[in-house]
Amino acid sequence: MNGTLLLGALGLKKLVKQILLFIFPTVLLIAGCGSNPPVLTEQQEVAIQFNQRGETAFRRGDYAQALQEYQGALAIHRSVENVAGIATELLNLSVVHRRLGDKTAAQTALDQILTEGSPAFSAGQKAEAAYRKAGFYLDDGNETEARSWVNKALEYCHGCGAEGRLYNLLARMALAGQAQEAMNHARRALVLNRNAGDKNEEANSLRLIADAAFKLEDFKTAQQSYDDALRLDKDTGAATKIALDLMGLGRSVARQGRRSEAIEYFQRAYSVSEGAGDAKAMDDAAVEMKQLTP
Amino acid sequence: MAILHDDDARFKGLEKKIGLFVIIALLGIVLTVIAVGIQHDVFSPKTRLFFITDSGQSIDEGMAVKLSGFNIGKVEKLELTDDAKVRVTLTILRGYMKWVKSDSKARLVKEGVIGANVIEITPGSDKEKSLEHNAQIAFERERGLGQVVDQLYAEVIPLIDDLKRVARRADTLLAGLPATQQKLDETLTSARKNFENLEKVTASDLPAMTRKGRETVEKAGKVVDSVSRTWPISSNIKEPRSETLPVDSYSGEKEKKQ
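First to last, the protein sequences are chains A and B.
1 is the number of the first residue of the first sequence in this note's numbering; add one for each residue after it.
1001 is the number of the first residue of the second sequence in this note's numbering; add one for each residue after it.
What the hints contain is simulated information worked out from the structure, not anything from laboratory work.
Ideal Cβ placement from N, Cα and C applies to all residues, glycine included.
One or more hints might be untrue.
Unchecked claim - Quick list of in silico lysine to any residue cross-link-like pairs, SDA-like style, CA-CA up to 25 Å:
#1 B:Lys1222 <-> A:Gln44
#2 B:Lys1219 <-> A:Leu40
#3 A:Lys199 <-> B:Pro1246
#4 A:Lys199 <-> B:Ile1237
#5 B:Lys1222 <-> A:Thr41
#6 B:Lys1098 <-> B:Asp1126
#7 A:Lys103 <-> B:Glu1243
#8 A:Lys199 <-> B:Pro1240
#9 A:Lys152 <-> B:Pro1246
#10 A:Lys199 <-> B:Arg1241
#11 A:Lys152 <-> A:Gly124
#12 A:Lys215 <-> A:Gly141
#13 B:Lys1077 <-> B:Lys1098
#14 B:Lys1219 <-> A:Thr41
#15 B:Lys1219 <-> A:Val46
#16 B:Lys1222 <-> A:Glu42
#17 B:Lys1219 <-> A:Glu42
#18 B:Lys1219 <-> A:Gln44
#19 A:Lys234 <-> B:Glu1243
#20 B:Lys1222 <-> A:Val46
#21 B:Lys1222 <-> A:Leu40
#22 A:Lys234 <-> B:Pro1246
#23 A:Lys199 <-> B:Asn1236
#24 A:Lys103 <-> B:Pro1246
#25 B:Lys1101 <-> B:Glu1120
#26 B:Lys1101 <-> B:Glu1142
#27 B:Lys1222 <-> A:Gln49
#28 A:Lys199 <-> B:Glu1243
#29 A:Lys152 <-> A:Glu181
#30 B:Lys1222 <-> A:Gln43
To be verified - Estimated spans, in silico, between C-beta atoms of each pair:
#31 A:Glu145 <-> B:Thr1244: 18 to 24 Å
#32 B:Ser1190 <-> A:Arg59: 54 to 60 Å
#33 A:Val191 <-> B:Thr1244: 19 to 25 Å
#34 A:Glu155 <-> B:Arg1241: 25 to 31 Å
#35 A:Asp102 <-> B:Asn1236: 38 to 44 Å
#36 A:Gly275 <-> B:Gly1213: 50 to 56 Å
#37 B:Thr1244 <-> A:Gly275: 25 to 31 Å
Starting from the given sequences, assemble the full structure and let the hints guide the process.
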């Protein structure tokens, strides 16, 4: 009996030892995996505060204040040669300058990233700057320059975050006369944006596919793509785009002969635009409804 | 012996001369009367108006009637009516009647502070008709100095009463002031003692307590900071970083207004 007890005690001791031998390396492994994030310097913290105040001012429409804050952040990043920070603030300043109506200053800010002699900006940062130049030129109606800068951006971009957006821009440019090419670019952009997890640009790709399909008179595909875009735009809460999706849906079902359904979509588009205070979009929806009303 | 003879040439036609002289004198008197009459509007056509007032006080016969400062007539007579009121008859030169309308009013006023009383008629509005002969005109009496004094007196007396009440209340309050002051002195003395005690306590114990508290908070902050940087907690805490404003590929930079 005593021998049995002794054997049992020895077995338990061995088991506890084995458990401890397993737990100790596991704890060490977990502790090793949990690397601490880098501690921010005082300058970095102040620059981030400038950046966040700039974004807040920009969202509330105070562009002059946003300009001041972003310039403050840029000065700090420059004082410590923080290249990523400099690029971020120059990109932000380009948007703020556009809002203030200073197109030259916007382009100059982006040129600072793209100029060869500037600090070692990464290819991704240069691709982003080139993408913005292309977008600004396209907004201003200069398609030749826009196309040139899209191509430069694609040269810089090797798996960069802007690739999906660049193909969206190409699709947007092709939409006017080359619907099939627009469709191809938009489909490529859709895959890239979906992989990047960029819901806003994914919705843009879907809308561009729908626009191209409509031009190619494939109204069922157009309807499906507008519907998919609408679902994503509702998640991001972009009222103007929701109205565009609804208008596209209305036009697509109208061309399929479903007039009453189309009128409902136009009514929804009117209501969304009214809520957003977009008078032009309201007029567009009203015109479409009038055309369908007998 | 006669001094003058009847046949003296100077007496010839004397009766005629005297007669002519008398006629010329009479004619002169008549013309003077007429001239004075014209000057005093005796011969000008007039319209009679009247008003009724409770009292004839300060209204006299012959008193001037004026319109916009011009004499346009006079008070002709005052009569006592059956109900013991006074009927005052005015004669107005007809030439001025075009301004005396049915909405005109006769007012008894004083010309200046110590001037004579006059009846002043206010011009009527254009749309109203002129008053007819023997028509009644509305009358009001300007408030005299006595009436003004009476009204002031009526308003000032309650004020004086109020002031008297306030003064009595102030007397009562001031009477209790020494006692209140004494209590206040006692309270202040007590407060000063309390503050002295508090000062002793804060001078010795409080700085040490504050220092220890600050150290504890700093240590706790460091612990929380360390824990928050440790995996997996750190993965749930978003590190502050600079954000880039997006530029939309579909609608350009315009879309960002939302």
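Query - Structure versus earlier hints, numbers of those that do not hold, lowest first - result: none
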